[in-house]
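Asks: One-letter residues, chain by chain:
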Amino acid sequence: MDLKNRDLITIDDLTNGEIEALFTLTDEMSDKMPAQYGLCHGKVMATIFFEPSTRTRLSFESAMLRLGGGVISVSDPKSTSFSKGESIADMARIVSAYADIIVLRHPWEGAAKLMADYATVPVINAGDGGHQHPTQTLCDLYTLKKERGDIKGMTIALWGDLKYGRTTHSLIFALAKFGATILFCPSPGLEVPENILHKLVTEYGGELEKFGKNHKVNQTGAFTVDAAYITPEQPHQLAMMPGIDLEVAMKAGVDALYVTRPQRERFTNEEKAADLQFPIVDKKLMSGKELQRALVMHPLPRVDELAYDMDADPRSMYFKQAARGVPVRMALIALTLGAKEVAAPVETVVPKVDYPIYKREYGVKCSNPRCVTWQETEKNYLKPEFKIVSLHPLTFRCIYCEHGTEPKFVASTEWHQGLTESKRYNRANSHLSKKIKSENLIAFDSAEEAEKHGYKAGHYVKSQVVEVSPNE
Amino acid sequence: MDLKNRDLITIDDLTNGEIEALFTLTDEMSDKMPAQYGLCHGKVMATIFFEPSTRTRLSFESAMLRLGGGVISVSDPKSTSFSKGESIADMARIVSAYADIIVLRHPWEGAAKLMADYATVPVINAGDGGHQHPTQTLCDLYTLKKERGDIKGMTIALWGDLKYGRTTHSLIFALAKFGATILFCPSPGLEVPENILHKLVTEYGGELEKFGKNHKVNQTGAFTVDAAYITPEQPHQLAMMPGIDLEVAMKAGVDALYVTRPQRERFTNEEKAADLQFPIVDKKLMSGKELQRALVMHPLPRVDELAYDMDADPRSMYFKQAARGVPVRMALIALTLGAKEVAAPVETVVPKVDYPIYKREYGVKCSNPRCVTWQETEKNYLKPEFKIVSLHPLTFRCIYCEHGTEPKFVASTEWHQGLTESKRYNRANSHLSKKIKSENLIAFDSAEEAEKHGYKAGHYVKSQVVEVSPNE
Amino acid sequence: MDLKNRDLITIDDLTNGEIEALFTLTDEMSDKMPAQYGLCHGKVMATIFFEPSTRTRLSFESAMLRLGGGVISVSDPKSTSFSKGESIADMARIVSAYADIIVLRHPWEGAAKLMADYATVPVINAGDGGHQHPTQTLCDLYTLKKERGDIKGMTIALWGDLKYGRTTHSLIFALAKFGATILFCPSPGLEVPENILHKLVTEYGGELEKFGKNHKVNQTGAFTVDAAYITPEQPHQLAMMPGIDLEVAMKAGVDALYVTRPQRERFTNEEKAADLQFPIVDKKLMSGKELQRALVMHPLPRVDELAYDMDADPRSMYFKQAARGVPVRMALIALTLGAKEVAAPVETVVPKVDYPIYKREYGVKCSNPRCVTWQETEKNYLKPEFKIVSLHPLTFRCIYCEHGTEPKFVASTEWHQGLTESKRYNRANSHLSKKIKSENLIAFDSAEEAEKHGYKAGHYVKSQVVEVSPNE
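Chains as they are written, first to last, in my numbering: chain A, 1 to 472; chain B, 473 to 944; chain C, 945 to 1416.
Simulated from the structure, these hints should not be mistaken for lab results.
No residue lacks a Cβ here, since even glycine has one placed at the ideal position from N, Cα and C.
Among the hints, a few may not be true.
Which bits of chain B does chain A cover? Going by a derived footprint, with three or more residues having C-beta under 8 Å, they are [claimed, not checked]:
no., region
1, 537-548
2, 732-746
Listed next, the in silico DSS-like pairs over lysine-lysine satisfying Cα-Cα at most 30 Å (straight line) [to be verified]:
no., chain 1, residue 1, chain 2, residue 2
3, A, K283, B, K831
4, B, K755, C, K1284
5, B, K792, B, K859
6, A, K283, A, K32
7, C, K1284, B, K756
8, B, K504, C, K1284
Looking from chain A toward chain B, a few residues come up when the C-beta cut is under 7 Å (computed) [to be verified]:
no., residue
9, S30
10, P34
11, A35
12, L58
13, E61
14, S62
15, D76
16, P301
17, Y308
18, M310
19, A322
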């Protein structure tokens, strides 16, 4: 296993084996913390935080200091020239000259990947908008492992703001990777984004079932499950049943309830105006039979969604989660800087799906307005690039923010070799689109854009016929 | 003497002997500063500052670096998630996991005590609103000691904003503890709060005399004394005289004039609107006979209240005071982290008064609106708690901010054992209140509140008779 | 060579030999960076930044950490008590007690000199308003030297905002000192201030020629030169020609094009309102024959004035310049703290001009409203002081901000020894002013001021005769 000089942008950047090796080193860091002082003498970490933070920044900095390294920091974006319209690419190149490792928090989704593309030192994503927060996920996984032994076969319920809570986004894939069953219990209106569920099913296999709003679980009225995911790793009968039976899934009870704060700072104006309800996790809820053994986890800070009456409860893990942030990050920093090495255990292989890539000078753009690809200062330093994760319906996934985008119109580079008359575009859901090879595909968000680039409406634009259904 | 793992919230947390031992170590830190590097290798200090500061934060951080330790810092509360409505209790538990010692500055009075209640590492109060700032007091005392030898028997005049200047509040008790005479010279309208004078007399003994506004001292018109305090330690005739004669008290002249800046940021709107005058300390004032030998001290920053024409004057100590902040804090940190030990000299015992405690779910609240007990985010993490410092008149002292509160109505838990009819409340200054034992006392701020909790007006509410005078 | 304990306020504070010795040490720092860890163990640097910055602050801090030292920092002036109206002088005395070296950035021109006047530890100017930024100049010079070998005889073009770009102000004198030819290519309206050109010619010798607006250089329309400066060091025929022939000066091409960002934050309201044009440096401009070999330099951050299409160009040096900020500053810090010594090579002596000094309690003030001498908080801690750099026309240079000031009226201390009637002031450009010795000179900005101080209008005020022309 060699994490030396590697970036950590999403939790997918680490294999299961690498995560387990990291946790072995975390144990060592935790057990003999004073002995680690000096491992990173002379090394410098830059913590560049463009969003308010305390926990994450302080725990990274504490970790580096415990290793004997130094820290340079930008914690108030207003007091930095980075606010003067400088690009992330320039910032990456500059800070690479000052530090041996960069920890970035940024409100734009995909910003950490862009930083890593230009930096010459490793970049750790400490949260990029609502996208991912992989080191928080490492703390979460480490806590589950320390408290329960093995993640495989566990049932984990995710609670609260599953739309903007980036920590849950990283966690979902990590749990799937390790073979856990996931119950989605969002605050109404803050459900998990579709692109995440899509990626979950297509890349991790397993089965997802949506129960619709307010699906209540047996006796306890307050505990509602909106959807459930069963991994193919699931050892018992569940995996063989048609559809998911919640009662069966929860027979052994929930192993952990992962609570998140409503991320009000990311709400749209509509969401701010709407009277969204945030059910509270408290002793009463936790007295339900299916939650009897459930660890209560929270990435913190909490506001009201997690009652203080849980603080003394032995199931409450949230302060331990936070405390483990230091040894987990010590291990990560030491490995990334090459100050430590550990032997990786045999991999639990999760096959990576190799999707074809879509990258053109013009055409379709990422559908996520918070994506880094939309930012004026960055336009010269990146080109929109997508994985073609599905052809029917045609679905792209932005390589920066990982949001899904469904282009409406397509054309082919083969159609019009020299023949202007043959430059035609058609609806993406027409049967003609099926015939286009990935490498020849040209995709557009709108008819106007296709025509601007010299394409004329083909038969399947004019006739408005939709021939391919999404489920085909 | 063992300061290891102890909090420092108010100057009362240290005995005279401990302070003297700390100063012995301060001498060593000061004389051989480079030799201290390494004492705190691998240790981490968190400086959490919720109010603008430079001097205090930088000198703590410099002290820690000189000892070879590391620092993590929150200096701009707006750039931290602590501003998102997180409680001090949560913050305490989290930061305890990241650092070995916490230095807190906070605008709420009592915030440092609350932090210490929940932190698992030692907490140093670096200023909590207008309450205390004990490390500044240590720098002040150390300077007095270095320049004058012994604090006992000294006459110290406190000048300026004695209402909001928290540095003087810590200093008053320290001076009393060491046996100094204190002259109060407030800017008119910014007199020392009553709760401080009350604590001074009841706990430190000695005698306090108020002279009323604008009491001028002999020749020098500009030097006015509003009140004076003579400790029981006073060795000469003063202590035996009836009343305090200022001329006698100042016969040997003033040893130090402690100047403070008007703390405009804490002024009420009325105080801001009022045309408050801030007499200036300058060469002219200092030419007065009684100030001839007086050291000029100031916790800094100064604005206009201390004239620059004093900068070159040999009596001026304010830059030395600031400079001594580093070795004083080095000594404190090293002792608190257990990196150093010193033998404590024989104690000059100041007997602690053990007051009965008042703590109930409902009833009287602290009268100080800036107290941490009033803060919405903290309500779950603390219960109002008071020392009953006087029964007649009934006076409580908040254990967080130390402000005095005089409840208006009282009841007893003994009065109504099972008999609803006997649940009666009476005026706190009625003779019935005298009969209630501390452990049975229930106190209310208002009749409405008493009735809300099921109490009915007793005889001494209806008749409006006031039977016990405050001086009884 | 001994830089120990010396301030670095302007680039003039270092001789050529000292700069070269510093660069020798920079090479060592750069080649064996890890070996430097420990050189400054136990030392503390204070970075006090009153303007947004990232690059400069982070590179100073990284340099100190690489040497094993510690850093205390104020990066957000709003979160410091320095914002409460405290003087720079007080700040200097305080921070001197906390740190072994102070790095200051401040918006007021001359602030670093004032800080150095009161600090007891060395002060490094990290940018004082539009005045100077000497460590950036060291990075620039080091880059020129590493890439081209010898600065002597080079032709350097300065591009963009030459009015407010303090980095170019420091650089101009450095280039002159090392014997380079300078081409001035300002954005129209942002020409180099006259006081800088005046100092250049009077103190460094050589020849300056202004070509007027938009002087185009041969074929390339976009490359315009506004003025040129040839040093007396120039070895070839140029130095002997009457006037400067641009074609000859640029025969060998430009060695470096130094680009600066429009410093919009310093623009006057008129400049903000004006539609100022900022010609862009891009591949097209750089394809001009005379720029074929030119290094492209920029102090960063850039916005639009330097096109991203240059990033991959081998001539582009700006990221290297920034990267070299760390070893250059390591060398500077190590020398200033006495942690390293280097032998200085034989000096290339640039004779310092010893101007007479003008310093009076009243009279003329610096003409630069951004000068530190105008600031209310500083008035007690400094007296306006000027070098008399020219008698005809009478020209003063502020010792703080180095701006030029031309007093309108003069008097002499000799004229009125006891004779009130002889206390007369006259126009500064009258022939009487020629007769006043520097040590007797009294200068006024206005007739009102002269009369306020008891002077009466002399003959050459009433008659309005101007007898001495500026060119005499």
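Asks: Next step is simple, just say for each hint if it's right about the structure.
Replies: Right, here's what the structure says about each hint:
no., hint, verdict
1, 537-548, "holds (count 5)"
2, 732-746, "violated (count 0)"
3, A:K283 with B:K831, "25 Å, holds"
4, B:K755 with C:K1284, "45 Å, violated"
5, B:K792 with B:K859, "38 Å, violated"
6, A:K283 with A:K32, "36 Å, violated"
7, C:K1284 with B:K756, "49 Å, violated"
8, B:K504 with C:K1284, "22 Å, holds"
9, S30, "11 Å, violated"
10, P34, "5 Å, holds"
11, A35, "9 Å, violated"
12, L58, "5 Å, holds"
13, E61, "5 Å, holds"
14, S62, "4 Å, holds"
15, D76, "4 Å, holds"
16, P301, "4 Å, holds"
17, Y308, "4 Å, holds"
18, M310, "11 Å, violated"
19, A322, "5 Å, holds"
In this structure, the earlier hints numbered 2, 4, 5, 6, 7, 9, 11, 18 are contradicted, and the remaining ones agree with it.
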